[in-house]
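J.: Sequence:
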Amino acid sequence: MPLKIYNTLTGSVDELVPGGTRKEQVSDYPSVTIYSCGPTVYSFAHIGNFRTFVFNDFLRRHLKFRGFKVNHAMNITDVDDKTIAGARAEGISLEKYTARYTDIFMEDLKTLNIEPVEHLPKATDSIDSMIDIIKQLHDKGYLYEKEGSLYFSIAKFNGYGRMSRLDTREIKSGLRYDTDSYGKDDVRDFALWKAPKENEVSWETPYGRGRPGWHIECSAMIRKIFGTTIDIHTGGVDLIFPHHENEIAQSEAAYGETFVRHWIHVEHLLVNGSKMSKSLGNYYTLRDLLEKGYSPRSIRYLLISAHYRKQFNFTLEGITQADQALDRIDNLIVRLSDIKKEAAPTPELRKLADSMISGFTDAVDDDLNISRGLGVFFEFIHAVNTLISDDKLSRADIDAVVEALKKLDAVLGFIFIKDASKADRDEAWIESMIQERLQAKKVRNFARADEIRNLLTAQGIILEDTKDGTRWKLK
RNA sequence: GGCGCCGUACCCAAGUGGCUAAGGGAGAGGUCUGCAAAACCUUUAUGCAGCGGUUCGAAUCCGCUCGGCGCCUCCA
Numbered sequence: 001m002p003l004k005i006y007n008t009l010t011g012s013v014d015e016l017v018p019g020g021t022r023k024e025q026v027s028d029y030p031s032v033t034i035y036s037c038g039p040t041v042y043s044f045a046h047i048g049n050f051r052t053f054v055f056n057d058f059l060r061r062h063l064k065f066r067g068f069k070v071n072h073a074m075n076i077t078d079v080d081d082k083t084i085a086g087a088r089a090e091g092i093s094l095e096k097y098t099a100r101y102t103d104i105f106m107e108d109l110k111t112l113n114i115e116p117v118e119h120l121p122k123a124t125d126s127i128d129s130m131i132d133i134i135k136q137l138h139d140k141g142y143l144y145e146k147e148g149s150l151y152f153s154i155a156k157f158n159g160y161g162r163m164s165r166l167d168t169r170e171i172k173s174g175l176r177y178d179t180d181s182y183g184k185d186d187v188r189d190f191a192l193w194k195a196p197k198e199n200e201v202s203w204e205t206p207y208g209r210g211r212p213g214w215h216i217e218c219s220a221m222i223r224k225i226f227g228t229t230i231d232i233h234t235g236g237v238d239l240i241f242p243h244h245e246n247e248i249a250q251s252e253a254a255y256g257e258t259f260v261r262h263w264i265h266v267e268h269l270l271v272n273g274s275k276m277s278k279s280l281g282n283y284y285t286l287r288d289l290l291e292k293g294y295s296p297r298s299i300r301y302l303l304i305s306a307h308y309r310k311q312f313n314f315t316l317e318g319i320t321q322a323d324q325a326l327d328r329i330d331n332l333i334v335r336l337s338d339i340k341k342e343a344a345p346t347p348e349l350r351k352l353a354d355s356m357i358s359g360f361t362d363a364v365d366d367d368l369n370i371s372r373g374l375g376v377f378f379e380f381i382h383a384v385n386t387l388i389s390d391d392k393l394s395r396a397d398i399d400a401v402v403e404a405l406k407k408l409d410a411v412l413g414f415i416f417i418k419d420a421s422k423a424d425r426d427e428a429w430i431e432s433m434i435q436e437r438l439q440a441k442k443v444r445n446f447a448r449a450d451e452i453r454n455l456l457t458a459q460g461i462i463l464e465d466t467k468d469g470t471r472w473k474l475k
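Mapping the first sequence onto my numbering, position 268 (from 1) lands on 268, and the numbers just tick up by one.
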């Protein structure tokens, strides 16, 4: 079964064909080239931003799981109005200012168990490629200059607005003007290169001093890193227009070849029914949530668990529910490791594990339907639990389950990461308390047994009495 | 005003023409237990916002109505 993903450009669920030519074997394909719109490093990213980044990670992990090679770039926007304003407000250099938020962002990615991508270019390192685009556009007559800024003329580009289906629309009249729209020939024309303002960073170019417009950096980096048409470009839905539409226009006008084959856009995270955004102030940063005691693992689970093309209402209760779902996974692992029976492996289990993996793969291959995939996974957990309860599994079966879980975790990235480690606790002491309690129970000194249990509970340690003994876990 | 998406149980969420409407949380019952807790098992929608229509057959297609959201402006 081929891997199919919704393509914003065509408006349909299309098979992913890296390199543009269909092959017999997945291994015959060239690396899947992916570009993801990254953050503007002017402050902390919020959890809505991370929905997209977690999605990017899920996508690349699934591609690798399916046997594709992946070559993935994500940009860091380190020069724009907000970063310039932020640096100025603190009286430090733009570099120093953006380095701080870049570091924070990278830490947050790591916290969420997001894999590093192959390329992490900064806008300010790609100025030469931007100038090349401008040169091409200049030579081909797509740009004009107004008051020292260079604009792209969308009227000259055939097919502008194809992806956002904007071409038939009228931009609503009476919209407020932003400072850049001043003097443009068409309101939709966009700045490629902005005239320098006083005390602002700027670069020298053959077309005058200035700094990059927003859209050009992505086109420039893609050109610089991948050279030609790439397979996948991802970002939030809010970038479809105008950002991605403008990228297409300037890249295809400059180089005369298809820019991106497959556009993938992630829907918004909502809070109380409206879009989470900095300007509305209704946002949580990752660090806000960690301070409240929620685990990165639960947050990753929550963000990944809803289908990427559906708006998702974010709630704290949702994180708690995610946490409970993860408990169910953890409990399976604990019960497995407690199996004592020695016997030959159960063929039934191997079959169960294989069909779980293929069911999961089919679900995720179908436009990354993670919700269905998780359903398959939890049905498997249920089935294995039943086998354990019926005493049908032996120690020889543990590996088959763990192996299957590891395969899944290569895609999900939340099964085997641990937040609070048992090793952080004084295990020997806990074990001794458990032994003392068992002794007390034996001589029917239940008051002492309960006292010990309460003492441990107060420290966040939960005792589980099973017929094979007592085990403990952290709350 | 233009374009688009969504409305499935107490909550979250799959399913987009055809067996008994996945899965997670919560609730209820059970197993285990000195009692608990935890864990596991069982269970919870004759119905899929409402009303019409198409069809042998619709949550799924079409129309209308109601409700919510997004984009059209910096934004993941």
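Just to be clear, a hint being listed does not mean it is correct.
To be verified - Once the Cα atoms are required to be at most 27 angstroms apart in a straight line, the calculated DSSO-like pairs of lysine-lysine come out as: (1) Lys64 <-> Lys4; (2) Lys23 <-> Lys69; (3) Lys406 <-> Lys475; (4) Lys64 <-> Lys96; (5) Lys64 <-> Lys406; (6) Lys351 <-> Lys392; (7) Lys110 <-> Lys275.
Simulated from the structure, these hints should not be mistaken for laboratory data.
J.: List in ascending order the numbers of the hints, as given earlier, that are violated by the structure.
T.: 4
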